[in-house]
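Asks: Next come the chains, spelled out residue by residue.
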Amino acid sequence: MTERELIKKLNNLKNLKPATDWKVSQREILLSQVENTSGDYQVSSWGNFWMVTRNVFGSVPQFAWASMAIVIFLTTGLIWGNELKVAPNNSLYIARVISEKARLNTTFDSAAKNRLARQYASDHVRDIVVTLSNPEFTDSEDVAKLNENFKTEIAKVRENLPAANPDDAIVTIADSEKATSGVMVYDPNATTSEPVAEPKDAKVILEEAEKLFNEKDYSGALDKLNEAEEIIK
Amino acid sequence: MSHSNPVQKFKEKNLFSRLKKKDKDAFITAYDLYVDDIHRFVYFKIGNQEEANDLTSIIFLKTWEYIKNNSLSDSKTLRALLYKIARTSIIDHYRQSQPIASIDDEDHPVDVIDESQDVMEQINLNSDLEIIRKKLPELKMEYREVIIMRFVNDLELDEIAEITGKTKGNIRVLLFRALKALKELIEAK
Chain B
5 MTERELIKKL NNLKNLKPAT DWKVSQREIL LSQVENTSGD YQVSSWGNFW MVTRNVFGSV
65 PQFAWASMAI VIFLTTGLIW GNELKVAPNN SLYIARVISE KARLNTTFDS AAKNRLARQY
125 ASDHVRDIVV TLSNPEFTDS EDVAKLNENF KTEIAKVREN LPAANPDDAI VTIADSEKAT
185 SGVMVYDPNA TTSEPVAEPK DAKVILEEAE KLFNEKDYSG ALDKLNEAEE IIK
Chain V
15 MSHSNPVQKF KEKNLFSRLK KKDKDAFITA YDLYVDDIHR FVYFKIGNQE EANDLTSIIF
75 LKTWEYIKNN SLSDSKTLRA LLYKIARTSI IDHYRQSQPI ASIDDEDHPV DVIDESQDVM
135 EQINLNSDLE IIRKKLPELK MEYREVIIMR FVNDLELDEI AEITGKTKGN IRVLLFRALK
195 ALKELIEAK
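Chains as they are written, first to last, in the numbering used here: chain B, 5 to 237; chain V, 15 to 203.
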């Protein structure tokens, strides 16, 4: 006989019960004896409500409350996390990052996904710069971590910059001969102030921002980032 | 009556809270809830049905007296309180008299099975009871007690620890040894 079988047999013994007649008669005897003793039960409806509430909390295991709290935290983070403009050194920052990742993973249009990724990375970069520009923020470990994050995030912004679209390029008159003959050609290298030059300019500005960041000129870096943002928009 | 179900646990906590306010109806509900377990516990400890009946009645009355005259601590459960009173009542019973028959007494077969149980259940039960009837009384009282509380009446380890005044670790060890001893007794037949 295994231990499991033995326990099962022991468990079967719980079917042993006293005779029903005996139980009923004892219940009546007990009831009459209890009724004869003093002891009043008076509890207000508020008291009753409080008692029930306390017992509900006491009955559910602590790990269930903990799990529920985690689920609520994550759900809240997923729904409103990206609305939270918390700094990278804030404990709620993780909720924001999770929420952003969730939103990115549920965006299936690649153009929209790139735009979103760039926007998030750009926001992170700006937040890192703002955080580091705070003179009270001196924890060397956190500073090193944010410096590292800055490099990662700015690389993401660069990766997700909109590519030059030939359709949007300005049709220029490349050749006076052709112009006279009325032939219009596409020249992607044409220098204009129109959108065809934007990706390159944004990249350059981002590089300048990175350089200023490395020189710890945070306000200058922030200006450059704003400038790049304007161009990208 | 297991504590693992949160709904059951809530009901028991609510009942205990009402008992702290000396609610008589709550006590009768507690009787309905625990009479089978306490009777079974007493029966397996003293081995005689009539005495188990009498002692069970005494235990419930003593419990009401205790509830009436004492403020119940939050850390205690009603089950633990009932078992504690059951244990002291059994000890008193042994001090006052010798058992006239026990579950290992061939001349006094026990008959505590409710008539409402179906035939197959009774056959299985009788076969299991036969093993216990012969072997359980051979175990040390300490082993027998923890086996009944844990594997027959489904008490939690911390409840058994509270009832017996031992640590949870001790109870675990005791249960392991008790099961091993019972298994050896059964296999040695």
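Wrong hints could be hidden among the right ones.
Examples of chain V residues toward chain B, derived with CB under 7 Å [to be verified]: (1) K38; (2) D50; (3) R54; (4) N62; (5) T178; (6) L193.
Straight-line distance between alpha carbons at most 27 Å, and here's what the computed DSS-like set of lysine-lysine pairs gives [what the hints assert, rightly or not]: (7) K25/V / K35/V; (8) K34/V / K148/V; (9) K18/B / K154/V; (10) K154/V / K182/V; (11) K18/B / K35/V; (12) K220/B / K149/V; (13) K148/V / K13/B; (14) K82/V / K12/B; (15) K82/V / K18/B; (16) K12/B / K182/V; (17) K13/B / K23/V; (18) K27/B / K34/V; (19) K98/V / K82/V; (20) K13/B / K149/V; (21) K23/V / K12/B; (22) K154/V / K12/B; (23) K89/B / K25/V; (24) K12/B / K38/V; (25) K21/B / K38/V; (26) K13/B / K38/V; (27) K18/B / K89/B; (28) K105/B / K180/V; (29) K18/B / K23/V; (30) K154/V / K27/B; (31) K13/B / K34/V; (32) K148/V / K220/B; (33) K12/B / K194/V; (34) K21/B / K148/V; (35) K149/V / K82/V; (36) K27/B / K117/B; (37) K21/B / K76/V; (38) K98/V / K21/B.
Hints are computed from structural coordinates only; laboratory data are not their basis. Here the structure is a predicted model, which is why all the values come from computation and not from measurement. Backbone N, C-alpha and C fix where the C-beta goes; we use that ideal spot for every residue, glycine too.
Asks: Indicate, hint by hint, whether the structure satisfies it.
Replies: Hint check results:
1. K38: Because about 5 Å separates K38/V from the closest Cβ in chain B, which is inside the 7 Å limit, the hint holds.
2. D50: holds, 5 Å
3. R54: holds, 6 Å
4. N62: Status violated, d = 13 Å.
5. T178: Violated, because the Cβ-Cβ distance from T178/V to chain B comes to roughly 18 Å (cut-off 7 Å).
6. L193: At about 6 Å, which falls below the 7 Å cut-off, the nearest Cβ of chain B leaves the hint on L193/V intact, so it holds.
7. K25/V / K35/V: holds, 16 Å
8. K34/V / K148/V: violated, 41 Å
9. K18/B / K154/V: holds, 21 Å
10. K154/V / K182/V: Holds. K154/V to K182/V sits at ~19 Å (cutoff 27 Å).
11. K18/B / K35/V: Outside the cut-off at roughly 31 Å; violated.
12. K220/B / K149/V: violated, 83 Å
13. K148/V / K13/B: holds, 14 Å
14. K82/V / K12/B: violated, 39 Å
15. K82/V / K18/B: Violated, because 30 Å separates the two Cα atoms, which is more than 27 Å.
16. K12/B / K182/V: holds, 22 Å
17. K13/B / K23/V: Holds: K13/B and K23/V sit about 26 Å apart, inside 27 Å.
18. K27/B / K34/V: Roughly 24 Å between the alpha carbons, so the hint for K27/B and K34/V holds.
19. K98/V / K82/V: Holds, at roughly 16 Å.
20. K13/B / K149/V: holds, 13 Å
21. K23/V / K12/B: Holds, because 23 Å separates the two Cα atoms, which is no more than 27 Å.
22. K154/V / K12/B: Holds, at about 21 Å.
23. K89/B / K25/V: violated, 45 Å
24. K12/B / K38/V: Violated - the C-alpha atoms of K38/V and K12/B are around 37 Å apart, more than 27 Å.
25. K21/B / K38/V: Holds, at about 24 Å.
26. K13/B / K38/V: violated, 37 Å
27. K18/B / K89/B: The given pair, whose Cα atoms are some 60 Å apart, is violated under the 27 Å limit.
28. K105/B / K180/V: violated, 52 Å
29. K18/B / K23/V: Given that 27 Å is the threshold and the Cα spacing comes to 19 Å, the pair holds.
30. K154/V / K27/B: violated, 30 Å
31. K13/B / K34/V: It is violated: about 37 Å lies between the C-alpha atoms, which goes past 27 Å.
32. K148/V / K220/B: violated, 86 Å
33. K12/B / K194/V: Given that 27 Å is the threshold and the Cα spacing comes to 15 Å, the pair holds.
34. K21/B / K148/V: The hint holds at about 19 Å.
35. K149/V / K82/V: Distance of about 40 Å is beyond 27 Å: violated.
36. K27/B / K117/B: violated, 71 Å
37. K21/B / K76/V: holds, 21 Å
38. K98/V / K21/B: holds, 20 Å
Hint violations for this structure: numbers 4, 5, 8, 11, 12, 14, 15, 23, 24, 26, 27, 28, 30, 31, 32, 35 and 36, all remaining hints satisfied.
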